[in-house]
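Go by the hints and put chains Z and V onto chain W.
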Amino acid sequence: MRKLIPTTTPRLLLAAFLLLAAGAAMAQERARIVAVNYPLAYFAERLAGDAAEVIYPVPESVDPSFWRPAIADISTVQSADLILLNGAGFATWVDRVSLPRSKLVNSSDGLSDRFISTQSITHSHGDGGEHSHEGTAAYTWLDPDLAIAQAEAVARAMTARGLAPADAVQDRLDALRSELETLDAAAGDALADAGTVPMIATHPRYQYLARAYGLDIAALDWDAGATPDADQLQALSDLAAERGARILIWEADPGAEAMTATDELGLTSVVFPPLATPPEDGSYLEAFRAAVTALGTAATP
Amino acid sequence: MVEVENLGFGYRGGFRLAIPQLSLADGEKLAIVGPSGSGKTTLLNLVAGILVPDSGRIIVAGTEVTGMSDALRRRFRASRIGFVFQDFALLDYLSARQNILYPYRITPALVLDAAARDRAEALAEACGIGDKLDRHPAALSQGEQQRVAICRALVTRPRLVLSDEATGNLDPDSKARILDLLFRQAEEAGAAVLAVTHDHELLPRFERVLDFAQYRQETPA
Amino acid sequence: MNALFLAYAYLRYHWARSAVLVVVAALILFVPAATQILLSTSERALVARGEATPLVLGARGSELDLTMSALYFSDERPDPIRMSQVEAIWDSGLAMPLPLHTAFSSGGFRIVGTTLDYFGFRDLEVAQGRGLTLLGEAVIGAEVAQALDKGVGDALVSAPENLFDLDGVYPLEMPIVGVLAPTNTPDDNAIFVDIKTAWVIQGIGHGHEDVVTAADIASGTDALANAAVVQYQRITPENIESFHFHGSQDDFPASSVIVVPNDTRSGTILKGRYLDPESPTQLVEPAGVIRGLVDRIFRIKTLLDVVTAIIAVAALAAIGLAVFLSYRLRAGEIATAVKLGARRGMVLRLLAAETVTLLFVAGGFAMAGAVVVSRNAESWVGFLLALGS
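Those sequence lines, one after another, are chains W, Z and V.
When you number the first sequence by my numbering, it's gap-free, plus one each residue, and the end is 301.
When you number the second sequence by my numbering, it's gap-free, plus one each residue, and the end is 1221.
When you number the third sequence by my numbering, it's gap-free, plus one each residue, and the end is 2389.
Source of the hints: derived by calculation from the structure; they are not laboratory data.
Hints should not be assumed to be uniformly reliable.
[Stated by the list, open to error] To give a feel for the contact side, a few chain Z residues facing chain V, derived at Cβ under 8 Å:
hint	residue
1	GLY1056
2	ARG1074
3	ARG1077
4	LEU1094
[As the list claims (entries may be wrong)] Using 20 Å as the maximum straight-line C-alpha spacing, the simulated DMTMM-like pairs for lysine to aspartate or glutamate come out as follows:
hint	chain 1	residue 1	chain 2	residue 2
5	V	LYS2271	V	GLU2285
6	V	LYS2271	V	GLU2087
7	V	LYS2271	V	ASP2091
8	V	LYS2271	V	GLU2063
9	V	LYS2339	Z	ASP1118
10	V	LYS2339	Z	ASP1070
11	V	LYS2339	Z	GLU1064
12	Z	LYS1132	Z	GLU1121
13	V	LYS2339	Z	GLU1165
14	Z	LYS1175	Z	GLU1144
15	Z	LYS1132	Z	ASP1092
16	V	LYS2301	V	GLU2238
17	Z	LYS1132	Z	ASP1118
18	V	LYS2339	Z	ASP1092
19	V	LYS2271	V	GLU2051
[To be verified] Far from chain V, some chain W residues (derived; all Cβ distances over 10 Å):
hint	residue
20	ILE116
21	SER269
22	GLY296
Glycine included, every Cβ here is placed at the ideal spot set by N, Cα and C.
This is chain W alone, in the form it adopts within the complex:
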């Protein structure tokens, strides 16, 4: 065993050299951070400043919840220095691809006791019996309080991996947190009286928003961007009558025809982007604030 020491010495030197070389290469290349949704990308960008390149790999027109990455997309994700996951069942494609566990950070780790369960889906397959999957509502960032926790997780991950200077990240986190707190307060004000107004969403996206501000939101499951057909309108009408709802929340502007159709049912349309994808105007904070303001306005008699 002892005679092996001389042969390990060159190897150690080589390893040291490679580390130096790698360090030199790192110094030239910015760290790359991949985020599976827009809020995480936004937080990462805010927190990293110039220290890292933040990549949101999902094409503009695709809902990140249902994105199916191509091999090349997965390669991009695999080669990142940090991969930010949302958790809470968001982006299940990560379960079906190979990712380096050392680069993965689940930003909602430790928040599971605050998750909202959705109804169970039961099915059977193979020779086995039936079994059920309990769903989890995924749009956690629509509760600014949870968003703060996620941003903190992102900050911790960056600092732990040395992707950005710790002091700077802390300063930026403090700033972001206070902005999110301000947003929370503003949303609280805007929606203070909205809790009494039953609402219907075209998609089940707003569970955390509803819980955070005491809103009553029932959900349909319409295809995003499509004009509702007669059956769907009938279902909406029935649901609105049953709940006494007078506000309809759209994920995106459905177009004049759809809005006219729902207006005729006595429902006020409000567009509230769920922000999983980047908003058309402004940032997460601005779009969120604009949306809650619009919703508050619509709910005020």
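Below, chains Z and V alone, put in the same frame as chain W:
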């Protein structure tokens, strides 16, 4: 060529070889006959310097063999004397050509050069085995083997050829041919021949015949 | 030169005898050299693998079994541990855990389910194709590719296992998407998949695109009438979306976990945490375990050396006898040489030249053999270690 004076050589068995005087002229062919154990081969060995006499002098080609050191005698033997044996004494692992050139391989007194090789070829040609030079002894007949041995004895251009029953193992037809061959080649090389033989029918071919019985003495115990 | 000429002529003429002598002498020289080369290479390979693997976490039991399983993907199957153990190490922030799931095999080679971090940790490079990307894919070691004659575009089917006795679990067909560059380590003999794929093989994860089952065929519900009925599942672009995992990932199994501490201090702290003999897990240092193994091997080697020495003495005696007998046979030649005026010592020179030539040729063969062995030692040792696993 050979002068032997007052030669005395004692065997352990109680016999003694004593030759008061014996001489062989240049190019002379002398046959030695005599019963077994009369010391014929001993004489050859003494003349060749393989054995050293107890007394007397042997002069070969003007050099006193009896006065030389062992190393000198070996060199002298290699360069001045050719040997032909009854059993041919060829080496089975060497080709005919290499057997002929064997003397050059075993002593620094001889230098194996192109001339030596040419001589080997010419001798083999003359002996009728020119086309069999690359064969090993096992692939040669007895007569051919003895021809190779004759070539080996003469390739070094010796002044004296010692023949020990050279024809003893050959069939009657071959005996005369081989002896003639030996004589002819010795003549061409200018070498004298001292031959021990039992073949009385060959004796007329020699210039002189010496009966050896006279030289053997019983030594008193 | 002349003595060498004659020696060579003699050896060539008696080629059979010479060949036997050369072979015997070459073997006597070669065997100890080859043993030494192979042993020191295997020692180096074992120790290198051990030293390249800082810590291994696994179920309590034989340390050697755990080490062999985690480092060499051996047949030993330590009890599985829960993935929550892996998460606990991540949470500690002291080390990088690399879970290994080695319960399955295909074509006689172990299927190693792990995370992509393993490839970085072992510096494994993809020589052909690409790395693991989608669930169900496999990347194979160089030796596997050669032995099974498979490459990118081919597929492997996991060997059926009754180990977990789960209903409805069928072998999984896995497309090969990459072949690794050879490393002369056990990684050459492994079929790498994502640990999630290993869980699919185990039946923890599954899709809803039903496999063709024996029951279907028996009941005639399956339209396929021909004999080429697949009885394994396959993850395709069509059904991959339906694949999912039941229960919490924390409860999923791993066979062992390679633990790479961030630094020495972290390693020490971690080791302290697993000292409790009541704990169902143990954290072992492979280098120490391997060292014990190597010491044992070298004790065996000492025995081997003695055996070799005895055989060498016997063989040398045999060679000596053969040479002596051949000298006796050559007494006539020696007498002739003396009569023809051979120089003093000629005979000795001749015999020495012969012996030297023999030894030289034998040495040449032994050396060539040793060179071949040392050139291939790493891959042969890798093969031998794989055999033993």
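Original post:
Going straight from one Cα to the other, do V/LYS2339 and Z/GLU1064 come out at no more than 20 Å?
Top reply: holds, 18 Å
Original post:
If you draw a straight line from the CA of V/LYS2339 to the CA of Z/ASP1118, is it 20 Å or shorter?
Top reply: violated, 24 Å
Subject >> Beyond 10 Å from each Cβ of chain V, as asserted for W/ILE116 >> reply: holds, 18 Å
**OP:** Find the nearest Cβ of chain V to the Cβ of W/GLY296 and say whether that gap is larger than 10 Å.
**Re:** The assertion about W/GLY296 holds, with a minimum of 38 Å to chain V.
Original post:
Hey, V/LYS2271 versus V/GLU2285, does the alpha-carbon distance stay inside 20 Å?
Top reply: Distance ~9 Å between V/LYS2271 and V/GLU2285 Cα, so the pair holds.
Original post:
Between V/LYS2339 and Z/ASP1092, is the straight-line Cα distance small enough, at 20 Å or below?
Top reply: holds, 17 Å
Original post:
Holds or violated: Z/ARG1077 as interface residue toward chain V, Cβ cutoff 8 Å?
Top reply: holds, 4 Å
Original post:
When you check the alpha-carbon spacing of V/LYS2271 and V/GLU2063, does it fall within 20 Å?
Top reply: holds, 14 Å
**OP:** Could you grab the alpha-carbon distance between Z/LYS1132 and Z/GLU1121 and see if it respects the 20 Å cut-off?
**Re:** Holds, because 10 Å separates the two Cα atoms, which is no more than 20 Å.
Original post:
Given the hinted pair V/LYS2301 and V/GLU2238, is their alpha-carbon gap at most 20 Å?
Top reply: At roughly 57 Å apart (the allowed maximum being 20 Å), V/GLU2238 and V/LYS2301 break the hint.
**OP:** Would you mind confirming whether the straight-line C-alpha gap from V/LYS2271 to V/GLU2087 stays at or under 20 Å?
**Re:** holds, 16 Å
Subject >> Per-residue hint verdict: Z/GLY1056, partner chain V, C-beta under 8 Å >> reply: Since chain V brings no Cβ nearer than about 21 Å to Z/GLY1056, farther than 8 Å, the hint is violated.
Of the numbered hints given earlier, the model fails hints 1, 9 and 16; all others are met.
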